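**Student:** The residues making up each chain are set out below.
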Amino acid sequence: MKHLARATLALALLSAVILGACTAGPLGIFESLSLETPVDNGTEAFSGLTPNFVVRLGADYYAGVGTLWKRPVGGGAWNPVPGTPDGMLATSAATDGSALFVLFTDGDSSVVKEWDGSAWAPDLATTGIGTMKPDALHYADTTLFLSVGATDTEADPDVTSANIHSGLGFATAAFATAPTGGIVKALVHDSLTYYSAHADDVYSGDADAGGLTTMALQPAIGTVTALLARGADVVVAAGASGSVAVWDGSAWTPHVIDSAAYLSDLVEVPAHGGGTVILAAARGFGTKVARGYYEVSPLDWSVNEDHDLVTTTTNYQTTLEDLGIVECFWDAADGILFACTVGDGLWSNHWNGTSWSGWNRE
Amino acid sequence: MNRPSFRAIAVLAVALAASAAFAQESGDPTVDSGTFRTNPYESGDALLSFRLGAGFGLLNLDLSEGSFDELNLGPGAAFSLSYMHFVARGFALGGELGGLVAGSIAGRTFFAAPLVFRASWHFVLSPFEIVPSVAAGATLQRLGELSHVDPIVRLGADWLWRQSADWGLGLRTELWLIPQFYLDYPDSNRLGGFLETTLTATYHL
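Note that the protein sequences, when read in sequence, are chains S and E. Mapped onto this note's numbering, the consecutive letters of the first sequence carry residue numbers 1 to 362. Mapped onto this note's numbering, the consecutive letters of the second sequence carry residue numbers 1001 to 1205.
So here's chain S without its partners, still in its complex pose (with noise of 0.2 Å):
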């Protein structure tokens, strides 16, 4: 019994010290697992590329990677949607809720194709938009705009000057003289006024009446990367200075979020624990390292370095700490959040009403 009374007593010993050495976590170890979806959902044609764009028009998301793909919002595997041009790649996309408009782009020639869930309509004319080249399409309150650009000369890609257009033909320009320096970033609607960012500023006024025109106030975070709405005279503006500014009404307020940043996209979605939180996507840029994303609080602007708001830390590190992201799309119906990556693929992360499931590899 001598032998069994030490090998007793060092058991307990070696117990009390792993027990003591524990601390648990902020969410159960079998419910994190049971939370979890495949981190590959089989679309390895995606691993290694750049996402442009993630839209859902009904029961499907479409994703620009190269071509155009779609898979059901309930799941499944990503295929491509039949019918698209020939040697052309989807660069932009944009719905009203009935009908998927996309941007085709080879470089040289553009193309607006309207999807309605099962077949292509008669391409959009752009005669409205003479030489400028198509750069983006954006859907905010109820048109459809299509954001161009010009260059100097072929051999020049750099955009000189931009605009945003809608109407029939988009004929429309929302900048009465188009601003030179850049294209246009962003477009969003308040449910009062249109916000558009360009170079270092924000634009607002009737955009599908050509009436854009420079804030008065300035957010002074750099160029102006995204633009996110989140309510009446209530916008969030990402700068390229790795800061964001709120605007409120009245004035601009800036947040620094992280210096070494280049901020890329803003989308608020639900927190874990309660309320919401807004992710800055960060991508590298000039001197700028990819940095996945930001978890923003809206109450005080303060960062979440643990990253528990919408994954787990060990999770974010091992798929997109050290990735940039240049767009991310949440679907707050149904709950699932996409992540466009640049050179790893499309991620999503699952949001079950409490819990966040982490991201995985679409």
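No lab work stands behind these hints: they were computed from the structure. Being a predicted model, the structure only gives us computed values, none of them experimental. Every residue, glycine too, gets a C-beta built ideally from N, C-alpha and C. A portion of the hints provided could be inaccurate.
Computed spacing ranges between beta-carbons, pair by pair [what the hints assert, rightly or not]: (1) S:G273 - E:G1103: 48 to 58 Å; (2) E:G1103 - S:D322: 50 to 60 Å; (3) E:T1173 - S:P298: 24 to 34 Å.
Pulled from the structure, derived: some chain S residues nowhere near chain E, Cβ distances all over 10 Å [unchecked claim]: (4) S32; (5) L33; (6) W78; (7) A99; (8) V256.
Among chain E residues calculated to face chain S with C-beta under 8 Å, some are [said to hold, decoys possible]: (9) L1071; (10) L1073; (11) G1107; (12) F1110; (13) L1143; (14) H1148; (15) R1162; (16) R1190; (17) G1192; (18) L1195.
Could you slot chain E onto chain S? The hints should help.
**Tutor:** Leaving out everything else, chain E in the frame of chain S:
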């Protein structure tokens, strides 16, 4: 230390006491008949066993709602090292340190390291042995950044072929039950279940 850890220690102590009591009350389990030969394990003998094989996630019961969830773990590896000391003919008490590692469908790694006290009954049908056992203790678990220590109960048996007087080789099948309690997050309380199927090598010390 969080409070579930104290609970785990309590379970360890209860399991050990119960095992010892059972050992005193139980008789010689050997069936000395024309079929079963005399049990070779005498009080004072000891066995050292190594096991390596597969582990499977079976069960994820939501204790707050009474519903079953997916465990979402693929097949994994299981291993253990145990020391058993005979306190009566054919009946041994001892301890075991093991592990189970498995990948989740989202690419995370689940790891459990149970430390248990074990009671085993050795039935001999030479050259074979059937060794049902029950074990209780605590298990450290990790899933990515998450970690927790919980009580564990294991029920199963080793099916051995006695290759020589010193060595026995065989297979273990065992059910692991891990009640996982979070006092601060009661919605996270779960009962997890795993199946261990391992190859066993036992050395008679």
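**Student:** State for each hint whether it applies.
**Tutor:** Against the structure, the hints:
1. S:G273 - E:G1103: 48 to 58 Å: 28 Å, violated
2. E:G1103 - S:D322: 50 to 60 Å: 21 Å, violated
3. E:T1173 - S:P298: 24 to 34 Å: 53 Å, violated
4. S32: 6 Å, violated
5. L33: Violated, since 5 Å does not exceed 10 Å.
6. W78: 18 Å, holds
7. A99: 35 Å, holds
8. V256: 27 Å, holds
9. L1071: The hint holds - E:L1071 has a Cβ within 8 Å of chain S, the shortest such distance being about 6 Å.
10. L1073: 7 Å, holds
11. G1107: It holds, given that the least Cβ distance between E:G1107 and chain S is near 4 Å, below 8 Å.
12. F1110: 7 Å, holds
13. L1143: 5 Å, holds
14. H1148: 5 Å, holds
15. R1162: 22 Å, violated
16. R1190: 4 Å, holds
17. G1192: Since the shortest Cβ distance to chain S is 5 Å, the answer is holds.
18. L1195: Nearest chain S Cβ about 16 Å off; hint violated.
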